[in-house]
Structures are given as structure tokens and as C-alpha cells.
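Peer 1: All chains, full assembly: derive it from the sequences and hints.
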Amino acid sequence: MVKPIMKDMMFLAQKSEPATQADLQIGRDLQDTLEAHREGCVGMAANMIGVRKRIIIVNMGPFDVVMFNPVIVSKRGPYDAEEGCLSLSGVRPCKRYQHIEVEYYDFNWKKQRIKLEGWTAEICQHEVDHCDGIII
Numbered sequence: 347m348v349k350p351i352m353k354d355m356m357f358l359a360q361k362s363e364p365a366t367q368a369d370l371q372i373g374r375d376l377q378d379t380l381e382a383h384r385e386g387c388v389g390m391a392a393n394m395i396g397v398r399k400r401i402i403i404v405n406m407g408p409f410d411v412v413m414f415n416p417v418i419v420s421k422r423g424p425y426d427a428e429e430g431c432l433s434l435s436g437v438r439p440c441k442r443y444q445h446i447e448v449e450y451y452d453f454n455w456k457k458q459r460i461k462l463e464g465w466t467a468e469i470c471q472h473e474v475d476h477c478d479g480i481i482i
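Residues 347 to 482 in our numbering are what the sequence shown spells out, letter by letter.
Do not rely on the hints blindly, as some may be mistaken.
Distance windows between CB atoms, simulated [to be verified]: (1) M355 <-> K456: 31 to 37 Å; (2) R438 <-> H383: 15 to 21 Å; (3) E363 <-> V419: 19 to 25 Å; (4) W465 <-> L434: 15 to 21 Å; (5) W455 <-> G386: 27 to 33 Å; (6) A368 <-> G436: 32 to 38 Å; (7) M355 <-> G386: 16 to 22 Å; (8) Y425 <-> A368: 36 to 42 Å; (9) Q444 <-> G479: 20 to 26 Å.
Subject to a maximum C-alpha distance of 27 Å in a straight line, what follows is the list of computed BS3-like cross-link-like pairs (lysine-lysine) [said to hold, decoys possible]: (10) K461 <-> K421; (11) K361 <-> K457; (12) K421 <-> K456; (13) K461 <-> K361; (14) K361 <-> K421; (15) K421 <-> K441; (16) K456 <-> K361; (17) K421 <-> K457; (18) K441 <-> K361; (19) K361 <-> K349; (20) K353 <-> K441; (21) K441 <-> K461.
By construction, these hints were calculated from the structure, which means they are not laboratory data. The beta carbon of each residue, even a glycine, is placed where N, CA and C say it ideally should be.
Peer 2: Dropping the structure here:
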């Protein structure tokens with residue numbers, strides 16, 4: 347289901363709670379909501395649709411990946427970036443890493459580990475920041 351975009355900074359600044367298998371529908375809601383905002387959005391976190399759970403979705407070119415309880419386990423190649431967000435107006439500076447490795451659970455609740463670089467790494471870092479209550 348397409349959900350409204352949260353813009354309340356007090357809510358967005360709160361850390362998200364771990365997701366459980368009971369939260370799989372939130373992942374589907376993120377898929378639907380990202381699709382509805384495709385023209386101006388490449389990733390989302392559950393708190394952006396009003397749910398404080400560690401769930402994100404990242405566009406990886408031809409497909410989107412939903413990650414439950416994502417954790418960045420390694421990062422290298424720091425650089426300065428400017429990012430926007432559907433929950434905020436304008437763009438803001440931030441520090442990102444060119445190469446990251448992320449562990450997460452998929453829809454089958456199987457642990458996955460993926461290496462990301464460049465644009466997809468930046469998107470993922472932005473969404474994990476959302477889970478940690480970090481607003482760019």
C-alpha cells in the first residue's frame with residue numbers, strides 16, 4: 347500500500363527498532379511507496395512512511411532491494427556528497443563512502459551480505475542513516 351511521506355523531524359530523529367518477520371508487510375509498503383515516487387526517489391526507510399523499524403529499500407538499477415535490519419559492516423573511500431530527501435526540502439552536505447558492505451535479512455528472513463559501490467552505496471548509507479535517526 348502506498349503510504350504518505352513523513353516530514354516530522356522529531357519522529358525522523360528517533361532511532362528505529364529492529365524489524366521482525368512480522369514486519370514483512372512494511373517492506374511491501376516501502377516497495378509500493380517507492381514506486382509511487384519513482385520520479386524523485388531512489389530509496390526509502392520505514393520511518394519515512396511513519397514506521398520506526400529498521401527496514402529500507404534501495405534502488406539498484408533495474409530492481410529494488412528491501413533490507414530488513416541492515417548493518418554496514420565495512421566502508422572505505424570517504425567523500426563529500428550533497429543529498430536530498432523526500433522528507434526534507436533542498437539538499438544538504440554529508441560524508442559518504444565509495445565502497446560499503448552491508449548485512450541484512452531478505453523477505454525469506456535469510457541473512458544476506460552484499461558489496462555496494464558508488465551511487466547504490468550512497469543510497470544505502472542515506473537510508474541506514476534514517477534507521478539510526480540521522481537526518482542529513
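Peer 1: Which numbered hints turn out to be false for this structure?
Peer 2: Every hint satisfied by this model.
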